[in-house]
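S.K.: Spelled out from the first residue to the last, the chains are:
4 protein chains.
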Amino acid sequence: MKNTFGSSVCVTVFGESHGRAIGAVIDGLCPGITVDIEKINGALAKRRPSSNIDTSRREKDEFEILSGVFNGKTTGTPICIVIPNGDTKSADYEKTRFLARPSHADYTSFCKYHGYEDYRGGGHFSGRITAAIVAAGAIISSALDNIGVKIGTHILKCASVSDREFCNVDGDLEILKGKTFPVLSDCEKAMEDEIIKAKSDLDSVGGILQTAITGVPAGVGEPWFDSVESILSHALFSVGGIKGIEFGKGFALSGMRGSQANDAFCMKDGKVTTVTNNNGGILGGITNGMPIIFNCAVKPTPSIAKEQDTVDFSANENAKINIQGRHDPAIIRRACPVVESVTAIAICDMIAERYGTDVFLNGDKI
Amino acid sequence: MKNTFGSSVCVTVFGESHGRAIGAVIDGLCPGITVDIEKINGALAKRRPSSNIDTSRREKDEFEILSGVFNGKTTGTPICIVIPNGDTKSADYEKTRFLARPSHADYTSFCKYHGYEDYRGGGHFSGRITAAIVAAGAIISSALDNIGVKIGTHILKCASVSDREFCNVDGDLEILKGKTFPVLSDCEKAMEDEIIKAKSDLDSVGGILQTAITGVPAGVGEPWFDSVESILSHALFSVGGIKGIEFGKGFALSGMRGSQANDAFCMKDGKVTTVTNNNGGILGGITNGMPIIFNCAVKPTPSIAKEQDTVDFSANENAKINIQGRHDPAIIRRACPVVESVTAIAICDMIAERYGTDVFLNGDKI
Amino acid sequence: MKNTFGSSVCVTVFGESHGRAIGAVIDGLCPGITVDIEKINGALAKRRPSSNIDTSRREKDEFEILSGVFNGKTTGTPICIVIPNGDTKSADYEKTRFLARPSHADYTSFCKYHGYEDYRGGGHFSGRITAAIVAAGAIISSALDNIGVKIGTHILKCASVSDREFCNVDGDLEILKGKTFPVLSDCEKAMEDEIIKAKSDLDSVGGILQTAITGVPAGVGEPWFDSVESILSHALFSVGGIKGIEFGKGFALSGMRGSQANDAFCMKDGKVTTVTNNNGGILGGITNGMPIIFNCAVKPTPSIAKEQDTVDFSANENAKINIQGRHDPAIIRRACPVVESVTAIAICDMIAERYGTDVFLNGDKI
Amino acid sequence: MKNTFGSSVCVTVFGESHGRAIGAVIDGLCPGITVDIEKINGALAKRRPSSNIDTSRREKDEFEILSGVFNGKTTGTPICIVIPNGDTKSADYEKTRFLARPSHADYTSFCKYHGYEDYRGGGHFSGRITAAIVAAGAIISSALDNIGVKIGTHILKCASVSDREFCNVDGDLEILKGKTFPVLSDCEKAMEDEIIKAKSDLDSVGGILQTAITGVPAGVGEPWFDSVESILSHALFSVGGIKGIEFGKGFALSGMRGSQANDAFCMKDGKVTTVTNNNGGILGGITNGMPIIFNCAVKPTPSIAKEQDTVDFSANENAKINIQGRHDPAIIRRACPVVESVTAIAICDMIAERYGTDVFLNGDKI
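Chains as they are written, first to last, in this note's numbering: chain A, 1 to 366; chain B, 1 to 366; chain C, 1 to 366; chain D, 1 to 366.
Wrong hints could be hidden among the right ones.
The list cannot tell twin chains apart, which means a pair is met if one copy fits it or any two copies do.
[As the list claims (entries may be wrong)] When the alpha-carbon atoms are kept at most 30 Å apart in a straight line, the in silico BS3-like pairs for lysine-lysine are as follows:
| no. | residue 1 | residue 2 |
| --- | --- | --- |
| 1 | LYS199 | LYS95 |
| 2 | LYS73 | LYS60 |
| 3 | LYS177 | LYS60 |
| 4 | LYS306 | LYS199 |
| 5 | LYS197 | LYS95 |
| 6 | LYS89 | LYS320 |
| 7 | LYS95 | LYS60 |
| 8 | LYS95 | LYS150 |
It is worth saying that the hints were derived from the structure and are not from the lab.
Let's have the full structure, built from the sequences with the hints guiding it.
M.R.: Right under this line is the structure:
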């Protein structure tokens with residue numbers, strides 16, 4: 001399936017920004033996992049626009065679980081979650097039907113779907129779909145909790161303002177818990193200032209997200225084609241706006257010498273560990289038991305209020321576009337729970353592939 | 001399958017560095033594609049170690065095609081290519097059986113395969129396997145030729161020396177043709193000097209590869225989970241040593257404002273194009289008809305001659321390792337045909353998914 | 001995915017008999033296919049219990065399409081159809097929670113899902129799920145219409161009463177159109193009598209369904225593992241109660257000699273055809289352009305009113321069961337639209353694999 | 001992949017009847033499984049033509065394992081087995097290049113591969129490929145041995161002569177062990193007489209094979225689309241000549257009443273079992289712990305010495321064909337190890353899906 005991720009534990013997304021509803025189907029998740037409605041609501045709240053640095057579209061995200069949950073626990077059969085769309089202003093999009101918004105998918109989806117696509121609000125390409133991914137990720141994260149896997153994402157960089165990198169990962173994940181503007185150092189205000197400044201300039205900003213995963217045992221992943229980097233990047237690059245991914249020291253490694261880049265091994269508390277973690281917890285595509293660390297580059301929101309040059313792809317002629325709609329001057333904050341959810345989905349699948357579906361129920365097996 | 005890439009056109013790799021042979025099975029490639037033995041040999045020659053900046057292991061790479069080719073053309077049934085291993089010195093590896101070479105897969109493969117892995121020369125994790133990928137890529141590239149898709153990779157950076165970026169992509173791809181040290185500007189000597197210097201320091205260097213693909217029509221790729229970025233990165237991150245991938249301006253985009261980052265559309269020769277190509281030819285995960293551009297960060301070769309700290313993972317105790325074996329002080333040059341081949345495999349699959357398998361035979365369909 | 005069928009055009013089902021809703025996601029179907037609400041309603045009506053030979057559970061099957069359809073046509077993105085459950089009497093199942101209904105999935109689903117399964121009314125194993133399959137099949141059949149593929153199923157045998165076999169397939173498919181009790185000869189009354197007799201004996205009957213597909217071009221299918229027989233049987237054997245499938249003359253072929261069984265070729269109206277069609281339109285796993293013909297053996301409905309021996313799998317002791325609930329003395333009639341839908345799903349996928357997704361939009365390509 | 005079967009443990013086949021070699025790649029099989037060369041040779045010997053009731057083509061089947069085995073055990077990485085072709089008489093096929101042998105794949109492969117197919121000896125469609133499947137099945141069966149799963153196939157019917165059905169399955173599997181003409185009762189001579197009689201009439205015969213699998217725990221399989229019947233039939237229908245499959249009582253069930261067909265449950269030695277096994281060990285698509293039983297209908301060998309009507313599909317005109325080549329008057333005996341191997345491959349995959357790949361190494365987990 002095209003809109004599905006995973007082999008053992010799979011998530012399929014459906015829906016359009018201005019259609020009746022969006023949603024997801026989770027299949028292959030083991031039975032007996034507690035489905036915590038508050039946790040799902042909490043994850044959706046983190047993704048929801050809430051302040052003046054976000055879009056003014058306000059969705060309640062009142063989801064409904066149609067299947068796969070019985071007496072508060074997963075049954076092991078497909079879970080379908082539906083989130084109805086409410087606050088849609090489709091008229092905004094009618095007048096610009098054939099004007100390609102720069103750096104958006106309007107033109108490419110027209111080429112792919114021959115004009116039958118639901119173009120309103122980005123349709124199936126809309127960031128709105130990520131609400132379904134966040135809901136699915138929240139359910140799946142309860143399975144990961146059962147075996148002690150933890151995931152956290154912070155804003156490493158927003159415009160020109162930087163947060164510090166992960167250092168003590170376990171402690172840092174605790175710091176991030178529950179934060180709606182997830183940073184490790186005292187940089188929230190500076191980042192928000194940059195976003196507000198861009199907004200007042202009718203412009204937008206991007207940033208870099210850094211994610212850590214702990215608790216994944218050594219030996220997960222495959223040597224060729226299904227390396228941990230392959231599976232994670234496959235999942236993450238489907239999130240609109242992500243244009244780069246690096247694991248461990250990533251691009252910085254390319255400028256190091258082997259003697260600097262190599263992670264020496266050492267015994268620690270009777271366990272094989274590495275002194276540094278430049279490889280981000282992955283060697284030869286397989287986890288080595290160290291925290292998995294990666295960075296995602298997020299481009300600035302394409303929708304800006306400034307007038308832009310474009311084409312009318314129906315008339316095949318040059319045109320100007322003034323994007324109306326309602327948009328975020330930065331999606332970097334709202335992208336955090338999305339990246340966390342996509343990561344949860346991908347890691348859950350890899351662990352299920354390695355140890356069998358029921359590992360999350362019988363967490364003591366690993 | 002774990003060691004398989006692709007949905008419509010698939011490539012499976014098998015083999016170990018010091019086993020009887022390595023090889024690949026290509027399945028789903030359309031019938032009637034000319035299999036050009038010289039082209040395969042040429043691609044293998046580009047990958048082969050040849051000078052003092054490469055490993056001293058010398059393999060002839062005399063491949064044999066066991067199936068799927070008849071009268072010089074593909075039949076449409078699986079093509080099995082086998083490349084026997086010759087120049088192996090397994091004894092080098094016996095004494096370090098349980099010493100984890102830093103930044104190598106020795107420890108992770110031990111965790112995954114419980115000690116049953118063929119540890120000699122990296123076994124199935126060895127870069128040796130990429131010879132099979134290059135051979136497969138060379139066959140597949142003939143299918144891409146039929147529909148006018150071209151792929152080229154150059155060394156954008158080696159240690160601290162930079163090549164210029166792609167600018168006139170069609171012309172630049174011509175420049176790269178046939179080069180065994182593929183760079184666009186006059187930087188080969190400086191790069192080699194850096195490599196030789198690292199070697200004499202018993203060390204190694206990394207670098208960045210830049211790849212361009214032209215001729216892919218707009219409308220290829222999928223919105224969620226199977227974006228062009230997802231599929232390409234999935235394939236590329238299985239190449240050992242690649243630790244970062246960015247599309248278009250990638251990480252640099254994260255520091256731009258929307259008004260700088262957005263690619264304005266314009267009509268050119270009656271065709272929709274973009275003025276800039278910061279998004280690397282991909283919008284919303286779908287090709288927009290512009291050249292697809294991406295960079296891969298390659299870490300320095302992990303095998304260095306310097307003594308390193310490590311562990312004996314059989315005895316679970318600290319140890320020192322002095323890597324003997326035969327290794328490259330830089331794999332960046334030899335990685336070019338590998339990245340090109342992996343890219344060919346992934347793009348061929350995406351095009352077959354979009355237009356049906358026979359599109360390469362009837363190139364006029366697109 | 002486990003609950004998904006297909007590679008290019010995929011259908012995922014979700015839901016439990018007594019849960020909030022059942023439904024399906026169709027992914028990969030090409031854009032521009034007309035979604036005919038009346039056609040979906042018509043197919044659901046054929047599957048719906050309606051008379052005294054069916055269960056007394058009465059569902060309205062008022063479906064809702066949540067995504068993937070815009071202005072009455074498919075968009076090319078995932079279509080989610082939801083059918084809420086209404087007429088559920090869950091209390092019927094509480095008292096027999098741990099009594100394994102003979103020939104039902106109660107015990108096997110308990111083993112698979114460790115007791116977390118929704119056991120009410122068969123849960124996810126219920127024939128109720130087939131309503132979602134029928135709705136999906138109805139949408140997909142419009143794509144098949146576009147390229148002239150037709151599918152029809154009739155009751156070849158019910159208990160001891162036989163219908164005639166397909167002879168003039170095109171004409172026979174016309175005869176079946178719109179019939180809610182699909183037979184080719186005058187045998188409806190005799191079949192219904194058998195069913196009513198079984199019901200009055202507190203028992204049930206089975207039968208054989210025969211299906212024909214016309215309009216599939218020669219050359220569809222794969223030699224090994226994805227033969228047309230493989231793909232069709234894979235899809236069909238997921239329908240509860242089907243325990244045998246034969247293509248063409250099937251089991252009867254095993255008693256023939258080669259000279260009787262072989263289908264001689266001959267030219268007819270300038271086209272290669274076969275004189276007989278003992279192979280059911282498939283040679284070497286690939287279509288030969290003749291009608292595809294197969295029979296499905298349907299076992300008698302497991303739910304019967306007679307008392308039966310069983311076990312309590314919670315207490316691990318022998319027990320008696322008296323099935324209350326509401327059941328069909330024969331599902332053979334209602335199975336017809338289900339088999340037709342599953343067939344449509346599988347054939348659509350195979351054709352899309354062969355010719356690319358858009359073939360249904362541009363029907364003239366084949 | 002098209003020529004691949006399996007999700008967790010996968011087998012890919014390649015090769016053509018008169019090409020350089022045929023072979024298989026097994027991927028996903030767990031490390032540490034003993035690779036027993038004698039066992040593989042034994043399985044190949046059972047499949048090999050040996051007497052006057054078989055083809056006169058004599059292949060030595062001297063296979064070579066190129067990868068994935070180290071120190072006599074599987075490594076967990078892909079195993080490539082190659083069997084060179086030797087005794088080929090390609091000239092036999094040149095003169096009939098465009099004459100469609102009735103009930104063979106000549107015409108359908110021409111339609112699929114546009115004339116680029118290797119037509120000699122049936123090419124990739126040849127029964128010759130089953131040697132690779134048998135070799136792969138033999139390796140996989142050692143994994144199944146580790147967890148106590150046993151598989152056996154006997155000739156239930158050959159032409160008009162019947163063997164008895166399985167009754168005491170464990171004992172019956174012992175009887176079949178090592179038999180090259182696998183029957184349970186004293187009917188070998190009568191079956192061979194029928195075959196010889198057909199041969200002397202320039203004709204061929206078919207038959208029915210019955211297979212039993214023991215030792216599979218209850219709870220394997222999936223409710224929708226990946227039922228045990230679905231997976232097994234998918235695999236089995238790729239074997240040329242199989243045109244019907246029934247599970248348990250199969251087609252006979254369709255004529256029974258529910259009260260006859262239902263398998264009453266009962267406790268036996270503290271274990272849930274069924275009194276009868278009409279459902280062949282599968283309920284709702286999931287194993288119930290009873291032996292899995294199924295029958296395959298094998299059509300008579302299409303190649304017969306009698307002259308037959310056909311067409312020249314190059315000239316599009318009627319023609320006569322006199323098949324020369326070398327053929328079996330019955331493949332039913334040689335089909336037994338092929339069906340056993342395909343069954344082993346499919347069951348191994350389903351068990352790995354359920355319990356994780358390593359279950360075969362740590363057999364005590366189930």
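S.K.: Would you mind marking each hint as holding or not holding in the structure?
M.R.: Hint by hint, here is what the structure shows:
1. LYS199 / LYS95: Answer is within; shortest intra-copy Cα gap is 24 Å, inter-copy 63 Å.
2. LYS73 / LYS60: both (24 Å within a copy, 29 Å between copies)
3. LYS177 / LYS60: within (22 Å within a copy, 46 Å between copies)
4. LYS306 / LYS199: within (10 Å within a copy, 53 Å between copies)
5. LYS197 / LYS95: Intra 29 Å, inter 62 Å, cutoff 30 Å: intra-copy only.
6. LYS89 / LYS320: within (22 Å within a copy, 60 Å between copies)
7. LYS95 / LYS60: within (27 Å within a copy, 40 Å between copies)
8. LYS95 / LYS150: neither (46 Å within a copy, 38 Å between copies)
Hint violations for this structure: number 8 only, all remaining hints satisfied.
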